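Below are the chains, spelled out letter by letter.
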Amino acid sequence: AQSVTQLGSHVSVSEGALVLLRCNYSSSVPPYLFWYVQYPNQGLQLLLKYTSAATLVKGINGFEAEFKKSETSFHLTKPSAHMSDAAEYFCAVSDLDNFGNEKLTFGTGTRLTIIP
Amino acid sequence: GAVVSQHPSWVICKSGTSVKIECRSLDFQATTMFWYRQFPKQSLMLMATSNEGSKATYEQGVEKDKFLINHASLTLSTLTVTSAHPEDSSFYICSATPGHQNTDTQYFGPGTRLTVL
Numbered sequence: 001a002q003s004v005t006q007l008g009s010h011v012s013v014s015e016g017a018l019v020l021l022r023c024n025y026s027s028s029v030p031p032y033l034f035w036y037v038q039y040p041n042q043g044l045q046l047l048l049k050y051t052s053a054a055t056l057v058k059g060i061n062g063f064e065a066e067f068k069k070s071e072t073s074f075h076l077t078k079p080s081a082h083m084s085d086a087a088e089y090f091c092a093v094s095d096l097d098n099f100g101n102e103k104l105t106f107g108t109g110t111r112l113t114i115i116p
Numbered sequence: 001g002a003v004v005s006q007h008p009s010w011v012i013c014k015s016g017t018s019v020k021i022e023c024r025s026l027d028f029q030a031t032t033m034f035w036y037r038q039f040p041k042q043s044l045m046l047m048a049t050s051n052e053g054s055k056a057t058y059e060q061g062v063e064k065d066k067f068l069i070n071h072a073s074l075t076l077s078t079l080t081v082t083s084a085h086p087e088d089s090s091f092y093i094c095s096a097t098p099g100h101q102n103t104d105t106q107y108f109g110p111g112t113r114l115t116v117l
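As they're listed, the protein sequences go chains D and E.
Going by the numbering used here, the residue at position 14 of the first sequence is 14; the numbering climbs one at a time, nothing skipped.
Going by the numbering used here, the residue at position 5 of the second sequence is 5; the numbering climbs one at a time, nothing skipped.
If you are wondering where the hints come from, they were derived from the structure by calculation, not from laboratory data.
Bear in mind that the values here come from a model prediction, so they are computed numbers and not experimental data.
No residue lacks a Cβ here, since even glycine has one placed at the ideal position from N, Cα and C.
It is possible that some hints are incorrect.
The list that follows gives simulated cross-link-like pairs (lysine-lysine, DSSO-like), each with its CA atoms no further than 27 Å apart [unchecked claim]: (1) Lys41/E - Lys103/D; (2) Lys64/E - Lys49/D; (3) Lys55/E - Lys68/D; (4) Lys41/E - Lys49/D; (5) Lys14/E - Lys103/D.
Every beta carbon over 12 Å from chain E, so not counted as near; a handful from chain D, in silico [as the list claims (entries may be wrong)]: (6) Ser26; (7) Gly43; (8) Thr108.
Just need the whole structure built from these sequences, with the hints factored in.
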């Protein structure tokens, strides 16, 4: 079974500083990996996804993530944090069920706080 | 971009009553829709997967008779929480995807907060 572990339920960084949100996965097959962002009282918005093409994936809002098979990691980074980046971030891995439906397994989330 | 809406955005009901939540894909046809629930400060947990015109597939531990899912058209899926109890209070989120390939992006609705008194 697929699983995702996000280290650090809360991360605080100063505005302008590097953002690093950690995600490690467990998968028996080459995974498809995702990062989603959730703003308060809103649904999830896709930041980026890895689908076995380039290992460095660039997403929206200046975020990027690097797939490292040897470390089973897919950490999310942004060079310079902005106040608007404050939100909850979820890492997810997808797999197909017996009916061919894509199923997402989410990590527990990391709440990012930006310090002015 | 693809937009998914949910209605209502929040609902309060009495214990024992039933509540229906709608999930609509506004600008694309959704062959598959997913229902998740999210407890406070926790992650999303998949409840069920529904394909248009067929019965929903429920995750282990989710009561199919309590959480009725209907995916009658390519743009609408409904989740009915029957005989709701306070422990059913949660944030319910739907998502929709236009295809069957597992690289297809799931587009998420804004969620429905259910409070059962």
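Numbered hints the structure breaks, given as an ascending list: 2, 3, 5, 7 and 8
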